[in-house]
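Under this note's numbering, read the sequence shown as residues 16 to 112, first letter to last.
Hints are supplied without guarantee of correctness; some may be wrong.
As the list claims (entries may be wrong) - The calculated label-pair distances, taken between Cβ atoms and stated as ranges, are:
(1) G40 / K83: 44 to 54 angstroms
(2) V73 / L45: 18 to 28 angstroms
(3) L89 / V54: 43 to 53 angstroms
(4) E97 / W19: 42 to 52 angstroms
(5) I35 / E95: 53 to 63 angstroms
(6) R104 / V66: 50 to 60 angstroms
Unchecked claim - Below, simulated DMTMM-like cross-link-like pairs (lysine to aspartate or glutamate); rule was C-alpha separation at most 25 angstroms, straight line:
(7) K109 / E97
(8) K109 / E99
(9) K83 / E95
(10) K83 / E97
Rather than coming from a laboratory, the hints here were simulated on the basis of the structure.
Positions of the beta carbon are idealized from the N, C-alpha and C atoms, including for glycine.
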Amino acid sequence: MTRWLILICLLCVFLVTLFIAYANGELVELDYLVGSVQVHLSSALLGAAIVGWLLGLVSAFMAMFRLKRQSRRLERSLREAEAEIRNLRSVPFKNER
Numbered sequence: 016m017t018r019w020l021i022l023i024c025l026l027c028v029f030l031v032t033l034f035i036a037y038a039n040g041e042l043v044e045l046d047y048l049v050g051s052v053q054v055h056l057s058s059a060l061l062g063a064a065i066v067g068w069l070l071g072l073v074s075a076f077m078a079m080f081r082l083k084r085q086s087r088r089l090e091r092s093l094r095e096a097e098a099e100i101r102n103l104r105s106v107p108f109k110n111e112r
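Throw the hints in and build the complete structure from the sequences for me.
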């Protein structure tokens, strides 16, 4: 049931995207640093969406790697603390009476 719901939602998104692309078919001039080019508005929007998606992926991967590095550092610190506790437990207690 969930697969059908997801498939229907994806189909709806695809149809809406096609309608928007058809409605925005006029040419626009895209200026960049070394020149300019005329492209369809829908192509420019698609390109901007893809670039934004890629930048989001890069930032998410950077955050994931930072969190993994921090997790490894904390796990190493935990292992060292547990080893120190084991060593302290093996030291005989000196009674001062």
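Against the structure, the hints:
no., hint, in the structure
1, G40 / K83: 44 to 54 angstroms, "holds (45 angstroms)"
2, V73 / L45: 18 to 28 angstroms, "holds (23 angstroms)"
3, L89 / V54: 43 to 53 angstroms, "holds (49 angstroms)"
4, E97 / W19: 42 to 52 angstroms, "holds (50 angstroms)"
5, I35 / E95: 53 to 63 angstroms, "holds (57 angstroms)"
6, R104 / V66: 50 to 60 angstroms, "holds (57 angstroms)"
7, K109 / E97, "holds (22 angstroms)"
8, K109 / E99, "holds (18 angstroms)"
9, K83 / E95, "holds (18 angstroms)"
10, K83 / E97, "holds (21 angstroms)"
The structure fails none of the hints (numbered hints given earlier).
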